[in-house]
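> Given next are the chains, with one letter for each unit.
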Amino acid sequence: MKLVMAIIKPFKLDEVRQALTELGLQGMTVTEVKGYGRQKGHTEIYRGAEYAVNFLPKIKIEVVVPAKMVDKAVDAIVAAAKTGQIGDGKIFVVPVEQTVRIRTGETNESAL
Amino acid sequence: MTTLAKYLFGVVAALVVLALYHVHPALAQEAPEAVAEAAEEVAKLDTGDTAWMLTSTALVLMMTIPGLALFYGGMVRKKNVLATVMQSFAVTCIVTIVWMVVSYSLAFKDGGAMNAYIGGLDAFLLHGMGSDTLSGTIPESVFMTFQMTFAIITPALICGAFADRMKFSALVIFMVLWSIFIYAPIAHWVWGGGFLGDLGVLDFAGGTVVHINAGIAGLVCALFLGKRVGYGTENMAPYNLVYAVIGASLLWVGWFGFNAGSAVASNGAAGMAMAVTQIATAMAALAWMFIEWIVHKKPSVLGIISGAVAGLVAITPASGFVDPVGALWIGAAAGLGCFFAATTVKKAIGYDDSLDAFGVHAVGGIIGALLTGVFAVEAIGGTPGLLEGNPGQVFTQLEGIVATIVWSGVGTFVILVITNILVGVRVSQAVEIEGLDINLHGEVVQ
Numbered sequence: 001m002k003l004v005m006a007i008i009k010p011f012k013l014d015e016v017r018q019a020l021t022e023l024g025l026q027g028m029t030v031t032e033v034k035g036y037g038r039q040k041g042h043t044e045i046y047r048g049a050e051y052a053v054n055f056l057p058k059i060k061i062e063v064v065v066p067a068k069m070v071d072k073a074v075d076a077i078v079a080a081a082k083t084g085q086i087g088d089g090k091i092f093v094v095p096v097e098q099t100v101r102i103r104t105g106e107t108n109e110s111a112l
Numbered sequence: 001m002t003t004l005a006k007y008l009f010g011v012v013a014a015l016v017v018l019a020l021y022h023v024h025p026a027l028a029q030e031a032p033e034a035v036a037e038a039a040e041e042v043a044k045l046d047t048g049d050t051a052w053m054l055t056s057t058a059l060v061l062m063m064t065i066p067g068l069a070l071f072y073g074g075m076v077r078k079k080n081v082l083a084t085v086m087q088s089f090a091v092t093c094i095v096t097i098v099w100m101v102v103s104y105s106l107a108f109k110d111g112g113a114m115n116a117y118i119g120g121l122d123a124f125l126l127h128g129m130g131s132d133t134l135s136g137t138i139p140e141s142v143f144m145t146f147q148m149t150f151a152i153i154t155p156a157l158i159c160g161a162f163a164d165r166m167k168f169s170a171l172v173i174f175m176v177l178w179s180i181f182i183y184a185p186i187a188h189w190v191w192g193g194g195f196l197g198d199l200g201v202l203d204f205a206g207g208t209v210v211h212i213n214a215g216i217a218g219l220v221c222a223l224f225l226g227k228r229v230g231y232g233t234e235n236m237a238p239y240n241l242v243y244a245v246i247g248a249s250l251l252w253v254g255w256f257g258f259n260a261g262s263a264v265a266s267n268g269a270a271g272m273a274m275a276v277t278q279i280a281t282a283m284a285a286l287a288w289m290f291i292e293w294i295v296h297k298k299p300s301v302l303g304i305i306s307g308a309v310a311g312l313v314a315i316t317p318a319s320g321f322v323d324p325v326g327a328l329w330i331g332a333a334a335g336l337g338c339f340f341a342a343t344t345v346k347k348a349i350g351y352d353d354s355l356d357a358f359g360v361h362a363v364g365g366i367i368g369a370l371l372t373g374v375f376a377v378e379a380i381g382g383t384p385g386l387l388e389g390n391p392g393q394v395f396t397q398l399e400g401i402v403a404t405i406v407w408s409g410v411g412t413f414v415i416l417v418i419t420n421i422l423v424g425v426r427v428s429q430a431v432e433i434e435g436l437d438i439n440l441h442g443e444v445v446q
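Taken in sequence, the protein lines are chains A and W.
Reminder that position 71 of the first sequence reads as 71 in my numbering, one-by-one numbering, no gaps.
Reminder that position 190 of the second sequence reads as 190 in my numbering, one-by-one numbering, no gaps.
Fair warning: there could be bad hints in the mix.
To be verified - Which chain W residues face chain A? A few, computed with CB under 7 Å, are given here:
| # | residue |
| --- | --- |
| 1 | Asn235 |
| 2 | Asn240 |
| 3 | His296 |
| 4 | Pro299 |
| 5 | Leu302 |
| 6 | Ala342 |
Calculated from the structure, these hints are not laboratory results.
For each residue, glycine too, the CB sits at the ideal point set by N, CA and C.
Kindly produce the complete structure, drawing on both the sequences and the hints.
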């Protein structure tokens, strides 16, 4: 099992969710986050007072998938979240040791 | 024969009157009514005027709560939202009581030998005000409450200057003293029979009494309290501009009570005041929006609503005296003038007027007061301005501005010193950094 963690532009969330659902993935966890990468921040002006905003709003998606599904999931996210503009985000894949479904006690892939 | 003729004439006349009564009863009733009218001409309640003034009073109260509370609350940071809306709400309550106890009397009752400068105490605790006492054509109770809503919003406006850093205990003391010693005298000078009114200063709805007064007091507060921690370096972006838009919109709508209500009648003057208010406000909002678009490359939401408020402020003294074209110019001047005051001038001088109480209210008020002297139309308000060949009016307006600046500036400083000795005006740095909401009020917005 792998944890696929994707940081994407907020307005792309629904397309990514659809793409992952079409692969047969049954759940995901979404968090509103802030951060920056090469895009850096932006400037806001209120009555002439300029503020550099370093952290931009992004969406973090976390989904745990069977190892054989990882490439498909990553490809689906890339296809759905890509605009070609700076700030499209990043995807990280990390190994997962164990999964437990709390309601039934099922473990690992049958719990996904 | 002559008596018979008279008798016959009398009968015929009686028949005609009777016939008229049947054909058109109103004609026959006219005569006694006219007599009654002449007898009661001195003081008669006008239901139309009263209905409009009851409405106006509600509209002006709405300007402070929730209008100003939301306008200011939306512009501060999240940690100070509740403290800021609390200020508007508490000032509403405090000034209501102070006005009832003493300020109304000091502003609007005869002050005897001192009447040029301050009213008397005849109406202490509203003594003498019954349900049948009149003020012009409306009940005195309505006039007193209408004026009370002005007395409420004026000190509430000052809160914009010291937002994010004033102690609440200090605010309570400051507002009580300020209402009695600053607002009441200046209201008396202009509207209560004092020397500025006698000089011929034109201030239809409170450009000097409310806006210059509050704006100057705000500047003194901003200078006295000093800059906020992190001013100029930290991000002080507004918490929620949607609140500010709702607040500014409530101010705009409420301002019809403020300006058209200041006719204290339901008549043509009120109608014209409403029209010029709408025109000047829209023009000022557009002026701020376009100049900001040029200077800062984007037309901002905060910009257009700030411009609207600047226009409302500037048309306030002029609203009973100028025509729609005059309103257009006043609006344009206010939008541009207040934009530069709140952006360039504030940055250049370096004072921290958190929400631009000075930049919008004092500057807009001064622009409006001066331009009232320029654009006044004799056919509308009874006084000609510069453009109608009466340049002296501009100087009269200037006297009103200077007198207000001096009394408000010096008096506010003295009150701040007293308040500072009693409880200290500014919160500790730790409180300021963590936020006023949790530290002063024990509540937070999540």
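> Hint numbers the structure violates, sorted upward?
2 and 4
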